[in-house]
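Assemble chain B onto chain A, guided by the hints.
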Amino acid sequence: MIRRIWVAYRLELSKALRMKLAYAGPILALLIVVSMTQVHPVFQDSRTGYSFIADATAVTLNLFGLLVVLMYSAMLLASEFNSGVIRTIAVRPILRREYVIAKMLHGMTYAVLLTAVVGGGSWGVALASGSLTGVTFGGELIYANSEMAYTYLLGAAMGLLPQFAAVAYAVMISTLSRSPGSAIGVTVALWFVVDLVKYPLRIAPFLFSTYIEYPWQPFLDRADGLEARWFPQGYYCIGTSVAAFILFTAVAVIVMNRRNLQR
Amino acid sequence: MPVCIQTANLTKCYGSVVAVSGLSLDIQMGEVVGLLGANGAGKSTTLYMLAGLAPPTSGTVSLFGKDICRNFLQIAPRMGVLTERPSFFDYLTARRNLMVLADLAGKEITVDRALDRVGLLQAAGRRVGTFSLGMRQRLGLAQALLTEPELLLLDEPTSGLDPESTQDILALLRRLSNEANVTIVFSSHMLHEVENLADRVAILNKGRLLAIEPTEKLLSWDLSRVELLVDAPDTVAKRLLEQTWITEATALSGRVEVVLNDATVHQLAGFLLGSGFVVSGIIPRRRTLQDYFIKVLNS
Chain A
1 MIRRIWVAYR
11 LELSKALRMK
21 LAYAGPILAL
31 LIVVSMTQVH
41 PVFQDSRTGY
51 SFIADATAVT
61 LNLFGLLVVL
71 MYSAMLLASE
81 FNSGVIRTIA
91 VRPILRREYV
101 IAKMLHGMTY
111 AVLLTAVVGG
121 GSWGVALASG
131 SLTGVTFGGE
141 LIYANSEMAY
151 TYLLGAAMGL
161 LPQFAAVAYA
171 VMISTLSRSP
181 GSAIGVTVAL
191 WFVVDLVKYP
201 LRIAPFLFST
211 YIEYPWQPFL
221 DRADGLEARW
231 FPQGYYCIGT
241 SVAAFILFTA
251 VAVIVMNRRN
261 LQR
Chain B
1 MPVCIQTANL
11 TKCYGSVVAV
21 SGLSLDIQMG
31 EVVGLLGANG
41 AGKSTTLYML
51 AGLAPPTSGT
61 VSLFGKDICR
71 NFLQIAPRMG
81 VLTERPSFFD
91 YLTARRNLMV
101 LADLAGKEIT
111 VDRALDRVGL
121 LQAAGRRVGT
131 FSLGMRQRLG
141 LAQALLTEPE
151 LLLLDEPTSG
161 LDPESTQDIL
171 ALLRRLSNEA
181 NVTIVFSSHM
191 LHEVENLADR
201 VAILNKGRLL
211 AIEPTEKLLS
221 WDLSRVELLV
231 DAPDTVAKRL
241 LEQTWITEAT
251 ALSGRVEVVL
261 NDATVHQLAG
271 FLLGSGFVVS
281 GIIPRRRTLQ
291 DYFIKVLNS
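Protein chains in written order, with this note's numbering: chain A, 1 to 263; chain B, 1 to 299.
Only chain A is shown next, with the shape it has when bound in the complex (with noise of 0.2 Å):
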């Protein structure tokens, strides 16, 4: 199973090397953080350095990555129920099952990427136009510079758990449509829509989207000269992100199972 699933993960980079459409979201991605500098500027001290990293990253990832991942991720298998190729696709030596969990993957790998960029792009920006000496506090080290690049990859990792959960959400709705432009279209309208009802329903808590931009939280209060505060807020996010995933994926093996692929 794990061969086979290796197999198709490696097809499905191979087919994302040759479209276009794939690099547009870590361009654009790091565009946002170049053009970011405008509204933040960068001076030549390690604060705004930090401050500025801080908020391109969260900035970009949340708001424009987290719409990019949604997007890529719901096209994955739409497109190809579209065009037909799951057909020619589903008649291989793959279980569906398999082939649905090399499509996450491929989701994932994309959202691995989104955050290198950012990150590589804002730690780049920060280094290019300012000086990374760690953060001060009347003119003692608080936490030096290696600490500092140490939180930021916590954050990081920590960060792709709700958008690996945000994979899964948008290949299960890709499961279930027909068409790529029917799966964004739900998958970007229902976020929204969950995300303006999770507080008056009080279902906020148990939704992983509420912790998206958490992650970043420890580094921003570090560039700040705070305490980096990683409980209850990073526990939750890791909960309910796992369990999120847990269940889309769940769900989108079962709708891709049980899916007739003559229509």
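Any given hint could be a false lead.
Unchecked claim - For lysine to aspartate or glutamate, the following EDC-like pairs were computed, each having C-alpha atoms within a straight-line distance of at most 20 Å:
{"id": "1", "chain 1": "A", "residue 1": "K20", "chain 2": "B", "residue 2": "D90"}
{"id": "2", "chain 1": "B", "residue 1": "K217", "chain 2": "B", "residue 2": "E195"}
{"id": "3", "chain 1": "B", "residue 1": "K238", "chain 2": "B", "residue 2": "D262"}
{"id": "4", "chain 1": "A", "residue 1": "K15", "chain 2": "B", "residue 2": "D90"}
{"id": "5", "chain 1": "B", "residue 1": "K66", "chain 2": "B", "residue 2": "D26"}
{"id": "6", "chain 1": "B", "residue 1": "K66", "chain 2": "B", "residue 2": "E150"}
{"id": "7", "chain 1": "B", "residue 1": "K295", "chain 2": "B", "residue 2": "E195"}
{"id": "8", "chain 1": "B", "residue 1": "K238", "chain 2": "B", "residue 2": "E227"}
{"id": "9", "chain 1": "A", "residue 1": "K15", "chain 2": "B", "residue 2": "D103"}
Hints are computed from structural coordinates only; laboratory data are not their basis.
Structure of chain B alone, referenced to chain A:
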């Protein structure tokens, strides 16, 4: 001969619409079976269920003695499937598309052989998005043949092909059946294609299997309908119509079409010679698949 395909009471419903109803079929290894029927008869749905693409509402499909739903991974490498309007990744070349599919098959496959078989080797480096309908159809066949399958399930294999390509593809399928003992089940609207290729013909109507018969049996000589090549068609037709054992005699240019009623060709020949007519030929009519198809549908 071992059974390649066995279906038992196979049924597929879409809501209240019954697409296939209680289909039970046995197809031997190496056999070529043509599925005939009008639009909506259930041909494609049957093929999709055989290929594991459409889950049956009830009933079972077993290929090579194994249930397709439970043993898909063992069965899939042994079958090639061509769906209606085959689709590919348009942004990849024909060769790259086949390489993707070959990788999924988990075998070392030379994709150029499959492309060569369907006459697409020259276009192997072209993006599929630039292909014509006929080229896509041939690429569809190439992907079906990719793993050298023992079973081919083909939904209208010559759809969109020009006459020359159609002949080439039919010849290729015939060769595969004769030389490699490949079992082929295909659907078609083209009766002459089915006549030329199929060992057996299955006629479906409104989801039901009306008949399944060897093609040879259906295409036997019809000795009750003959064509006479004569010098004076009008006179001959007139004389024949006076006979009680003749049902119909139609004079055409240089010939007369005759339908015998409880009489033999031998008797007819004797009558014509005895009457002094100059007859240069008596040609019995060969039954066509169309005759059988219409007869089955009407009954």
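Given the hint that B:K66 pairs with B:E150, does the C-alpha gap stay at or below 20 Å?
-> Holds. B:K66 to B:E150 sits at ~14 Å (cutoff 20 Å).
Could you grab the alpha-carbon distance between B:K238 and B:D262 and see if it respects the 20 Å cut-off?
-> OK: B:K238 and B:D262 at ~19 Å, within 20 Å.
Proposed proximity, B:E195 with B:K217 (alpha carbon, max 20 Å) | At roughly 11 Å apart (the allowed maximum being 20 Å), B:E195 and B:K217 satisfy the hint.
Taken at face value, is the distance from the CA of B:D90 to the CA of A:K20 at most 20 Å?
-> 12 Å, holds
Quickly compare the C-alpha distance for B:K238 and B:E227 to 20 Å and report which way the hint goes.
-> 15 Å, holds
Satisfaction of hint between B:E195 and B:K295, Cα-Cα up to 20 Å | 16 Å, holds
A:K15 and B:D90: Cα distance at most 20 Å?
-> The hint holds at about 11 Å.
Restraint status (C-alpha distance of B:K66 to B:D26 at most 20 Å) | 13 Å, holds
If you draw a straight line from the CA of A:K15 to the CA of B:D103, is it 20 Å or shorter?
-> Roughly 13 Å separates the two Cα atoms, so the pair holds.
Every hint, counting from the list given before, is met by this structure.
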